[in-house]
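Chains as they are written, first to last, in the numbering used here: chain A, 1 to 333; chain B, 1001 to 1193.
It should be emphasised that the hints constitute simulated quantities derived from the structure, not laboratory data.
One should not assume that every hint holds.
[What the hints assert, rightly or not] Now the in silico label distances, taken between C-beta atoms and shown as ranges:
no.: 1; chain 1: B; residue 1: Pro1086; chain 2: A; residue 2: Ala280; range: 45 to 51 Å
no.: 2; chain 1: A; residue 1: Ala134; chain 2: B; residue 2: Asn1095; range: 22 to 28 Å
no.: 3; chain 1: A; residue 1: Tyr284; chain 2: B; residue 2: Pro1155; range: 37 to 43 Å
no.: 4; chain 1: A; residue 1: Thr288; chain 2: B; residue 2: Pro1086; range: 54 to 60 Å
Remember, predicted model here, so these are calculated numbers, not experimental data.
Where a beta carbon is used, it is the ideal one built from N, C-alpha and C, also for glycine.
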Amino acid sequence: MKCKQVVWALLLGFLFMMAPAFAQQHPFAVSGQEALGSYNGLTGLILAWQNKFNSELQHATRALKSDPSALATLMLSSFAYGIFHAAGPGHGKAVLTSYMIANETALKRGLTLAGLAAILQGVIAIALVSIAAAIFNATAGQMKQATNLIDIASYSAIMLLGARLCWVKGQNFINQVLRVYRTNANSSSHNFSCDELEDGKYEHGPNCNHYHAPNAETLISSSFSWREAITTIIAAGLRPCSGAILILVFTLSQNLFYAGIAATFMMSLGTAITTGALAAIAVYAKNTALRWAKKPSQKLLLIGGAAELSAAVLVLSLGLFLLCNLSFGHIGA
Amino acid sequence: MAHPHVWVAVRSEVVFGDDGKIIGVRHAWEFDEMYSAFATQGLGKNGAPPTKEELAPLAKTNIESLAEFDYFTFAKQNNEKPAFKPPQDVTLEVNERKSVVMRFFLPLQTPASAKKPFSFQVYDPTYFVSFGLEKKEPVTMSRAPAGCSLSLVEPSPLVAADNQKLSEAFFQNMSPGADFGIKLATRAIVACP
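Modelling step: build the complete structure from the supplied sequences, incorporating the hints.
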């Protein structure tokens, strides 16, 4: 029992670890908002690598003008950049892992969601820069405004997803609480214990409202719906990353836009690997908890339900927070 | 997400007034190629780089949001933190290397005598922007009284000079909450007799 509680506690801790710092409008911002965070040791290490890959990106793009073989370097460093870029804190990952914890038990589906979100992120960046910069010759300010709109859409999706998860998980949790309450009420008013029935038929009177432990999977369920999954992909992947926008605009200015597009896809691939790993951890942790809880006690189910609900609440408040920040921030600045 | 996306090479000038007090800091920040490409995107006619006028709106946006971040300029004297007034003479232009340079003068709230050492650092606490000092004469003094001196105190590098290997200091700095922006910032110290 202790172990199982520890797993849920870890799951919750993991969730909050993934929650990003909330953002202010940053000078020299490239997209609408840049998350601002503090660093611990691991992020410090990741940071140094990100720096390295970023400068390699610039070098490779410059070299590409005279040396086509630099394309390979550019692809590789974009890929690496994607992996490490995604390893920092960010709302996309918070949404994705929260969704996994609240909802998902299938690894394959989790990986698919992570992959699709990463691809969406790349496609949005390419679409944005192609349409805004390459076709309409938009300025930095106009592109920032465009990303502001994308931010609103993205944060609204997070809020929607959170609200939906809260609704479903909240009902689930309330039902669990009611069930526990009813069971306790019954067992205290009767001296009769259902477990003492040994005729194997499991027949008991209408007052014996005892608690049949259900299969864990049906309660802490993978109630998969494509609508939620698609909302998750949008919520996690709609907002393009500044790194991709920068490399796209940079390659565009060097007349090497094709290289920028290829680099962005490599970044997406790298991002997918990291977010996929996070998704896998979330799914694995949840499944481990479920496995240990084959015949779950009421208490455990309550803890599980609470963890799911917390994940849902986290997504909702994240969406609200990000939206509020936007509207009280410097929209269109 | 919050790791450098923008790199800036800093050149600053400590400006003295007629009475020999420091009245402020004049900055010239040169941006990296990628941010420069971003900032100039869609501007400039017939292949010519954009003019100051064309870049003015972006300069305005940037300087306005800089206010929230104390203009990334953090001064110190007598264990106090002298405040700056809103910047003057803000311009954004493209230099001969096609890099975007932002210039502005940051006046001190109250002019400071440099009889006690006055120092400042330029860094982004959020480390979205990585500030580094220009290689040659990054900090100078303007109209300084005779005998004033300027020195730079380099931080121990997180990443060794060749930018490839992690230095020992990097690992020492891997404590929770390590503030990379400040840990990488050089301190310029001005002292007058």
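Here is what the structure says about each hint:
For the pair proline 1086 of chain B and alanine 280 of chain A, the supplied restraint of 45 to 51 Å holds, since their beta-carbon distance comes to about 50 Å. Range check, alanine 134 of chain A to asparagine 1095 of chain B: about 25 Å between beta-carbon atoms, so the 22 to 28 Å window is met. At roughly 41 Å, the beta carbons of tyrosine 284 of chain A and proline 1155 of chain B sit within the given window of 37 to 43 Å. Our hint of 54 to 60 Å for threonine 288 of chain A and proline 1086 of chain B holds, since their Cβ atoms are close to 56 Å apart.
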